[in-house]
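Protein chains: 2
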Amino acid sequence: MPMILYGLCGEDPSVHFSPHVWKAIMALRHKGLDYEFHPVPFTEIPKLEGGFSPTVPLLRDGDTLVRDSFDIALYLEKSYPEAPSLFGGEGGQAMARFVEGFSQTVIHPAITRIAVADIHNLLAPTDRVYFRKTREARLSQTLEELASNRFTEAAEFPRKLEPIRHTLKFQPWLGGDGPLFVDYILFGAFQWARVTASVDILKADDPVRTWFERCLDLHGGIGRSVRAAA
Amino acid sequence: MPMILYGLCGEDPSVHFSPHVWKAIMALRHKGLDYEFHPVPFTEIPKLEGGFSPTVPLLRDGDTLVRDSFDIALYLEKSYPEAPSLFGGEGGQAMARFVEGFSQTVIHPAITRIAVADIHNLLAPTDRVYFRKTREARLSQTLEELASNRFTEAAEFPRKLEPIRHTLKFQPWLGGDGPLFVDYILFGAFQWARVTASVDILKADDPVRTWFERCLDLHGGIGRSVRAAA
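Residue numbers (the numbering used here), protein chains in the order written: chain A, 1 to 230; chain B, 1 to 230.
Worth flagging that the hints you see were computed from the coordinates, not collected in a lab. Do not take every clue at face value.
You can't tell identical chains apart in this list, so a pair holds if it fits in one copy or across any two.
As the list claims (entries may be wrong) - Below, computed lysine-lysine pairings styled on DSBU-like, alpha-carbon distance capped at 30 Å: (1) 160 x 133; (2) 169 x 31; (3) 133 x 47; (4) 47 x 31.
All chains, full assembly: derive it from the sequences and hints.
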């Protein structure tokens with residue numbers, strides 16, 4: 001029986017954009033594992049699998065349920081050790097947390113400010129109500145205020161990518177000679193922006209762009225199976 | 001014959017503060033290798049070992065010369081594989097480049113702006129002339145202008161450390177259960193600030209502070225062998 005991966009979607013169930021779910025998708029593909037993708041809107045997530053998790057990704061593998069993208073990667077690494085490694089050893093497993101930290105504390109907040117109003121507009125009506133209320137409270141601004149500032153935010157965005165550019169001077173992937181989960185961590189963030197944002201945040205001549213395009217080509221081009229917003 | 005490590009020093013040869021040299025010191029200690037430390041002022045570096053390198057650290061191991069802290073770590077990992085690993089596998093070796101990128105593009109520029117005038121004051125007279133000229137050109141400000149802004153810079157500094165704090169929520173070291181070269185990369189930056197800056201940049205209750213103090217205790221407390229400036 002294939003695994004089931006539950007992931008967030010917009011009003012169109014084929015438009016799925018969660019950065020964390022994309023990390024899990026790429027991890028499953030990297031391991032060469034079969035899975036069924038079940039898209040769910042925000043407000044249906046708490047009902048999944050008896051209320052197992054308030055967030056997605058949520059993975060069912062036989063009788064096992066695993067939530068959180070990093071925990072899913074750790075689970076897959078431990079349960080399917082014969083498949084290609086997601087971390088390249090214990091040091092890589094530890095250091096991937098640093099890249100997760102960079103992604104979630106530097107890149108995610110910036111993409112949120114750039115794309116939050118666009119994300120709202122991709123959602124089904126019930127989800128829109130939930131999303132506006134929670135995001136406006138969290139960000140202390142209306143979606144309209146955030147939208148009006150998105151080009152300024154997008155213009156400041158490229159300077160945050162210096163640590164990635166530095167790494168790509170030495171190697172083609174953040175994981176070294178080939179991609180590892182650490183690539184998928186940052187891919188998830190840029191894919192989230194690609195699928196939702198009405199402004200393109202990566203310049204054509206940026207080495208980060210080149211790396212991102214190569215990520216989109218991985219695993220049968222699964223990243224390109226959802227169209228770009230901009 | 002023990003190895004020779006050449007490192008930068010101030011007017012007092014015991015005050016050595018280069019972040020890159022500290023990375024090399026910690027890497028040698030981690031591997032349990034014997035070395036002699038040869039402190040040199042800025043303007044003597046180009047004369048070392050027949051002009052082998054314009055910068056330190058510079059390591060002599062028998063007939064082999066190696067420059068650049070990351071290259072020294074790679075050299076030690078390859079040449080002394082039986083000693084404790086600096087990277088914890090190939091994935092860790094690749095991902096350490098990302099942490100180097102974060103350190104050198106986010107943390108180093110901030111510490112430079114905070115400490116550059118203090119560093120100048122630690123140098124011997126000939127070095128002061130060289131240092132003022134090169135740093136004022138690079139930073140497009142006088143040392144006095146930079147010094148007058150250092151408290152503002154220092155106040156903004158802690159928010160740059162979120163990726164480190166995120167990592168330390170999951171594990172005691174950036175390298176995981178124990179320190180790896182990745183810890184020494186960021187240790188080097190904070191040690192540089194500790195030895196030179198007239199303002200303390202890490203708050204007492206910051207988890208990054210706790211981790212840094214543990215780094216100072218490593219390898220016989222070698223990091224504490226040079227006194228703090230503030």
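Tell me the hint numbers this structure goes against, listed in increasing order. Every hint satisfied by this model.
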